[in-house]
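A.B. asks: Spelled out from the first residue to the last, the chains are:
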Amino acid sequence: MNECLYIAWRYICFHKTKTAILVAAITLIIYLPAGVDALVDESAGQLRRRAHSTPLIIGAKGSETQLVLNSLYFESEPPATTTFAEADRVQRSGLATAVPLLVRYRAEKHPIVGTTIEYFDFRKLRIRQGRLFGMLGECVLGYDVAKALRLEPGDSLLSDPEQLFDIAGVYPLKMRVVGVLEPIDSPDDSAVFVDLKTAWIIAGLGHGHQDLQEKELLKKEGNRQTANASVATYTEITPENMHTFHFHGEPGTFPITAVIAIPHGEQDPEKSLTLLLGRYQSEKEQVQAVVPSTVMDGLLATILRVRTFVLAGALLLGIATILLVVLVFMLSLRLRREEVATLTKIGGSRSRIIGILACEVFLVIVSSGAIATALTLATAQFGESLIRWFLL
Amino acid sequence: MQYLRFGVLFIALSISSCYPSSGTLSPKAIRPLGERPRVFVVNYPLRYFAERIGGDYIEVHFPVPADIDPAFWRPDSQVIRGFQEADLILLNGAGYAKWLQMVSLPTSRMVNTTEAVRKKYILVKDGVTHQHGPEGKHTHAGTAFTTWLDPTIAIAQARSVKDALAKLSPEHASVFEANFAELEKDLAALDAEFEAVFAGVGQQPLLASHPVYQYLAQRYGLNLQSVHLGTR
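Quick mapping for you: the protein sequence lines, in order, are chains Y and B.
When the letters of the first sequence are read in order and numbered with the numbering used here, they come out as residues 1 to 392.
When the letters of the second sequence are read in order and numbered with the numbering used here, they come out as residues 393 to 624.
Since the hints were made in silico from the structure, they are not lab data.
One or more of the hints may lead you astray.
What the hints assert, rightly or not - Label-pair ranges, simulated between beta-carbon atoms:
| id | chain 1 | residue 1 | chain 2 | residue 2 | range |
| --- | --- | --- | --- | --- | --- |
| 1 | Y | THR65 | B | GLU427 | 40 to 46 Å |
| 2 | Y | GLY252 | B | HIS453 | 24 to 30 Å |
| 3 | Y | GLY45 | B | LYS517 | 58 to 64 Å |
Glycine included, every Cβ here is placed at the ideal spot set by N, Cα and C.
Please take these sequences and the hints and turn them into a complete structure.
C.D. replies: In structure tokens:
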């Protein structure tokens with residue numbers, strides 16, 4: 001048997017290119033379905049983990065998927081906004097802690113997440129450098145943002161204008177970086193966190209400007225003053241000009257994209273969750289309450305159905321490729337007829353010759369299987385990072 | 393004699409409405425158990441209520457320097473961090489402490505002590521920008537915020553403090569309830585005393601040195617006008 005293996009090995013070494021092509025083809029047949037399966041499992045796991053760790057999301061009526069994807073992964077188009085009064089309503093219910101979110105603006109293409117400091121406790125985010133934001137205009141960066149933009153506490157970061165040519169629109173705000181988070185392999189690593197009020201300033205609902213001079217006044221009616229456009233508004237919040245910043249309107253009417261509700265009750269949070277959920281079931285409600293895990297499970301069920309088709313396709317492709325490989329071996333045998341005849345003439349028995357040919361096939365298939373297994377294991381090992389780079 | 397008594401009360405309220413005081417009535421002595429929750433407050437009346445009701449079961453922090461008006465004070469990042477790490481933050485509401493708009497605090501741990509009496513808020517239409525200390529220029533336009541000058545509102549605020557403390561530390565709820573009952577009695581007595589004093593004043597025009605006595609005037613039906621004695 002050793003002789004058969006040796007002769008088969010020498011044959012393979014002599015026909016390197018042909019063997020490499022065969023090994024690559026068989027490797028891909030094995031790896032494609034296994035690798036896709038591992039990758040889909042990992043991405044589904046990641047999406048599920050984030051969704052299952054978020055008990056309830058409340059937002060304006062509309063697409064549940066858009067609301068959940070925006071609130072959890074900060075990536076989809078912003079959903080319709082609701083008002084801050086909804087966060088207040090959740091808090092006042094006594095059933096849950098409300099964590100408001102406004103995820104609409106970007107800084108250097110990274111999502112700006114306007115929230116309150118409860119978010120950091122909720123997601124168990126830890127500060128790696130600096131501190132949490134404490135005043136208007138301050139921001140805390142996710143680990144990947146700080147790394148990509150090479151920023152650290154003390155540096156500054158500009159919010160992106162929503163529309164480049166809208167010169168009458170909202171000006172970018174220069175935010176001061178005060179902290180960088182520890183990496184936790186989640187969408188939080190790629191986000192810029194600011195206080196909700198800072199996000200409202202970016203939205204143009206609050207601003208700071210120099211004291212009005214008489215010559216800048218267009219109209220004065222009682223306490224209401226209208227100034228002309230020459231009044232300089234500040235694009236950066238500093239300790240010196242902070243006192244000039246103010247909001248127009250009631251905070252309760254200001255926009256948020258979602259409220260994360262964290263149910264109270266250490267013993268029975270499910271009860272608080274159910275009670276809270278029940279309050280949003282009325283037809284007249286202007287907002288909806290969704291359980292992210294339910295929405296994500298529905299979404300993933302669709303993705304998994306698609307995966308079944310992909311795997312079926314890969315299986316058919318595999319069968320076709322195996323038939324081709326068999327054909328390649330048969331044609332190869334026909335081409336090697338003279339070689340087999342020579343082996344017979346020098347005394348090789350029929351069984352020995354079959355053994356040599358079988359060893360050749362065995363070596364090719366084992367090599368392909370080993371490489372495909374290694375690739376699948378690597379996919380499973382580094383899939384989380386791959387998914388975060390490409391999908392999340 | 394009656395006017396002398398009125399003058400003493402008036403001066404006492406003036407001081408407590410704008411500046412923190414170091415003097416407090418001694419809270420009921422309660423033996424502490426374990427680590428005490430940290431309660432941050434934004435003005436002296438709330439500090440007093442929290443100390444009277446919470447006693448030694450809580451640690452009350454009022455970080456405003458003694459020479460600065462807490463309504464217009466501006467905290468630094470160190471102080472904000474203290475507020476962020478507090479177990480409970482007691483706010484006065486009614487637009488008191490404008491600096492709250494400029495900072496990031498945990499909303500779930502904040503309690504507006506005048507929430508239940510919002511309907512009693514007084515809107516100030518005219519406000520003059522002025523300055524009388526290191527805290528810079530300010531105006532009193534907007535909602536009048538010295539709510540505690542109406543003892544009935546002060547009682548509502550104290551009740552709100554009691555409820556928040558009971559939620560924070562339910563094992564001591566009965567003690568907080570008892571302490572609140574005593575405080576309520578004291579504030580009711582003060583209210584009765586005020587009523588007696590102001591009954592004799594009637595609609596005589598009164599002048600106040602600063603526009604912060606709106607709730608006092610509303611509660612006792614006073615004909616009170618304010619002047620601004622600060623530096624413009």
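A.B. asks: Can you list which hints this structure breaks, lowest number first?
C.D. replies: Hint check: nothing fails, all pass.
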